[in-house]
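So you can see what is in the structure, the chains are spelled out below.
Protein chains: 2
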Amino acid sequence: MSQGVPRPYALSEDERLTLRRVALGEEEADLFLRGGTVVNVYSGELVEANVAVRGGRIAYVGPEERCVGSETEMIEAGGGYVCPGLIEPHSHAYLGYNPASLAEAVLPGGTTTIVSDDLVFSLVGGAGTSRAVMDACSQLPVRFLWYARPEPASPLAENGERFGRERLGRVLDHPLAVGVGEAPAWVRFLSEESGGAYGAAIAEAESRGAVVDGHTTGARGPRLTALAASGLRSCHEATTAEEALERLRLGLWTPLRHSSVRPDLPELLRLLTEKEADTRRVLLTTDGPSPDAVAERGYVDGLLRLLVEAGVPPVKAIQMATINAATYLKLDDHLGGVAPGRLADMLLLDDLDSFRPSRVISGGVIRARDGELTGAPPVLDQDALGRGVEFSGGDWISAPALYKAHRSPETPVIEFVSDVITRAGAPPNASEALPEGHLHAAHVDRHGTRVVHALVSGFAPGLTGLATTATSSGDLLVLGREPEAMALAARRVCEMGGGVAVADSGVVSWEAALPLAGIMSAGGFPEAVRFARGLKSCLRDAGFPFEDPLYSLLFLTADFLPGPRLTSSGVLDVAGGKLLSGTEAMEH
Amino acid sequence: MSQGVPRPYALSEDERLTLRRVALGEEEADLFLRGGTVVNVYSGELVEANVAVRGGRIAYVGPEERCVGSETEMIEAGGGYVCPGLIEPHSHAYLGYNPASLAEAVLPGGTTTIVSDDLVFSLVGGAGTSRAVMDACSQLPVRFLWYARPEPASPLAENGERFGRERLGRVLDHPLAVGVGEAPAWVRFLSEESGGAYGAAIAEAESRGAVVDGHTTGARGPRLTALAASGLRSCHEATTAEEALERLRLGLWTPLRHSSVRPDLPELLRLLTEKEADTRRVLLTTDGPSPDAVAERGYVDGLLRLLVEAGVPPVKAIQMATINAATYLKLDDHLGGVAPGRLADMLLLDDLDSFRPSRVISGGVIRARDGELTGAPPVLDQDALGRGVEFSGGDWISAPALYKAHRSPETPVIEFVSDVITRAGAPPNASEALPEGHLHAAHVDRHGTRVVHALVSGFAPGLTGLATTATSSGDLLVLGREPEAMALAARRVCEMGGGVAVADSGVVSWEAALPLAGIMSAGGFPEAVRFARGLKSCLRDAGFPFEDPLYSLLFLTADFLPGPRLTSSGVLDVAGGKLLSGTEAMEH
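Residue numbers (my numbering), protein chains in the order written: chain F, 1 to 588; chain W, 589 to 1176.
To be clear, the hints were calculated from the coordinates, so they are not data collected in a lab.
Computed list of lysine-lysine pairs in DSSO-like fashion (alpha-carbon distance at most 30 angstroms, straight line): (1) W:Lys904 <-> F:Lys316; (2) W:Lys863 <-> W:Lys904; (3) F:Lys275 <-> W:Lys863; (4) F:Lys275 <-> F:Lys316; (5) W:Lys1166 <-> W:Lys992; (6) W:Lys992 <-> W:Lys1124; (7) F:Lys404 <-> F:Lys578; (8) F:Lys536 <-> F:Lys404; (9) F:Lys316 <-> W:Lys863; (10) F:Lys275 <-> W:Lys904.
Just a few of them, taken from the derived set where beta-carbon distance is under 8 angstroms, the chain F residues facing chain W: (11) Ala23; (12) Tyr42; (13) Gly62; (14) Asp278; (15) Gly337.
Computed from a prediction, not measured in an experiment: that's the story for all the values here.
All residues carry an ideal CB built from backbone N, CA and C; glycine is no exception.
So that you can see chain F by itself, here it is in the shape it has in the complex:
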């Protein structure tokens, strides 16, 4: 049993002593909820009880009122339900929103804890930036916990700098890191002769008793079994009830996912309604929905609405979003239930089907009432991210020739067949004009030293020029039919210090600054929603036929889905494990 950095939320002897005295009625509570019906996720019952809070923790649950004093803030629950705060156990808190604007969005609906990976923060500046962001987020009214991403999501030329060997340990040393998470390149992992970077990360996590949050998209049978034997603690990638049951049986904790790009809950909940599986190791996750999806459907609260509407008993549904997640995280002593000693994260609900809390309490403070925050929207200390995305050098970025991909018969064609799935397209005749439906595509590193070209089809046939830093590599992706428009968009993104720009007819027709790591807006949640809706609108106007362009752009540059991908090392055939083209050195 290890010793070292304290575990998340460990209390001191004096803090425990104070809780004990409040429970005994020897000291006063800060906050007292009188006359509620507690959703008891431990016994699976609804139990009438008062709840006393002191110093951000629950000190007492029961019939007494002894600890009410003159300074105690009273809430009359009037028989309403007192439910533990909802937990999102697998998120990416940087998809247009940033952790603060995500907190702004989800807190009124009752999500009080979010576990996110640290990919984009480590991409900016390795462990130092990740740890600084973790510190900054610890001040937010939603609790953030973290998975250290074991590998980058795209092969990085300067891997050692940002994702080197020491980084993982330094990130895991942070008291709010609960494990390693999101290592999607399992096909490569299984094919390696050694355990590779992911194997080393699992061993590191395991030696600490930390969580290995897994990812096994599409795996089944012996390969899924091999991944379970490798030390994964969970997989949230089931897309059918049968896939979910196979994972559950193999001992994997199984979050049912309903994201903007994979809204699978209606299918997955057959695991509960038809197969009647034991639900204690079943969780719920939104897995990083786009900002507009959060605005429209809610967050974990939205998943509970779907479950209860489908006939899942409310207490069982709530367990999945609270105590199951807390137990998965090995933090059930602190999170996931309304009981003495737990963090005082609670919702007041009028019923157990709409999941629209009349009050949301986090850390013992009322943070939202009837869907509105009680205070100013939370703000992220942006100094944690340093200076964000910077592009080195001079005019190279404005040169249209840099972006022209239609130059040789060897240039690979990446054809979109869904939001996120690609395949190799037929090569057009290089001597002719760019064929209908095809776009030039260029991946350029931020130092302007290497470019990778491809043609893209099936994406947005009418797009003249788009540039974005919202990529898996953190570098610049430029797409379009017209190199001049592409260059104009790229220049604009560079000027904004990261973001997305669309150019047409010599002007920037739409833009969104994403100055935080090139992927997050710096303002409040409405700004993130404007970004997502604006991007979707621009791309739909250009013929984008799918639902979630943010994920399409993000995954075009990633190395973990089959089909060809545009990475900083070249166009990668992920399933085949080989490069279809290399990089070109840039002269400037």
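We have chain F already, so just place chain W on it with the hints.
Chain W alone, transformed into the frame defined by chain F:
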């Protein structure tokens, strides 16, 4: 997330790689169970599957047979049930038996993991002895895990030496220590102005993410709530279904206890059959039964028989004895289920009601068949305990006058009202002969420097002389009507280097050597049973009216049950928190 001493059972990258290859059929299994029906404790189902084992771990569970090679040991399960090894989450592996002889007794019935506290080992020699025993027990075929006892069970004069401030951290630093456990003196704890030694121990465990195995006998309402708020993770002390439900609702994991001195399962299982509580946080414990009870009723297997006979569904009952315990211990990645990556601890069962395994596999090795061990009985490396119990000095131990308690009207009278409950008895007239039904009692430290006297009634009215080192203090307890017989018994215990002796008419009429820490026999399990039965027989002959004399003697010297107790600091009124008499210095 802390770093330091590895967590129990953490695997290396290479070990995981091997498991992965076996799962993929690229390497051979050591052991292969073909055609079984797995009790899947994760999904709550019975699932037909083969199970492959390599290096002591389960590598594969499923329909394939690819990893069977020429060297693979085959077991034809023939449709029989493959059940995870049973876990005892709260034991005292030193009650007449020692860890090895306990393993000998319980392994054929299917218990493959035992969590015990380290009280008697730290009493012998502090953290060094505890750690040495933990190392020695790691070689046994039953897995031992450990709770560091936060406080001694009896006030020790030289507390600093064996239970000092650094000890706890050193014990918890051991990789097989999972937390702190068994701190029964909760009344004193709640009355203290500071958190005391127990408060410090909770904070130390909490900072490591370790388990705080609690103990709240008889607490209810605000006091039970205050104990939950203090950071306890569990309580196994409920004696009614209502007490169990109160604990469960407060977020405490709730082992249902059925021990030799508190066989409460028939009452407690109303929690399941009548109250229909969610069972995910309900465990089962035998809580240190006497050796004869283990011989007669079995161990965790015996509890399963009781549950299923009472109508609890078998899979639910098995979950309580396997995955629930593993999850409570935060070790469900390694223990408690038949799934890839788990320790290969499994039972083959012909049915799901008798719980008499046809095979018991621990660490991938067949350890028992049809109720019999396959190899020689396990043996404890006794060097770990050092030289055991030694009494300093010369003839003082043989002087009858030392044991005569009936000497002043102030001598407290300790009256037994049950096996373990005492109250203050009426003082007899000191000038007259020892009244009927009363015994002299003396507690003597091992250095022969301090003696504490009391009279005892309601215990064994005809006992002439008994001496024992099986006490909560580790010191010598001597009882009897005749000081000469008491002295003879004490001398004999001293000669044996610890144990129990009964003397009558100038001869030692019965004796049992307990050379390991003065409380454990050194031989196999039959020797422990002979000891327990012999003691019971002697005491019943002398009029002992209860069931469990081993616990009566142990708790007579403890400081955690109400009523007067005979400790090395004097006769202690535990409920009142004051000494009724002090110690007398011995001259020799």
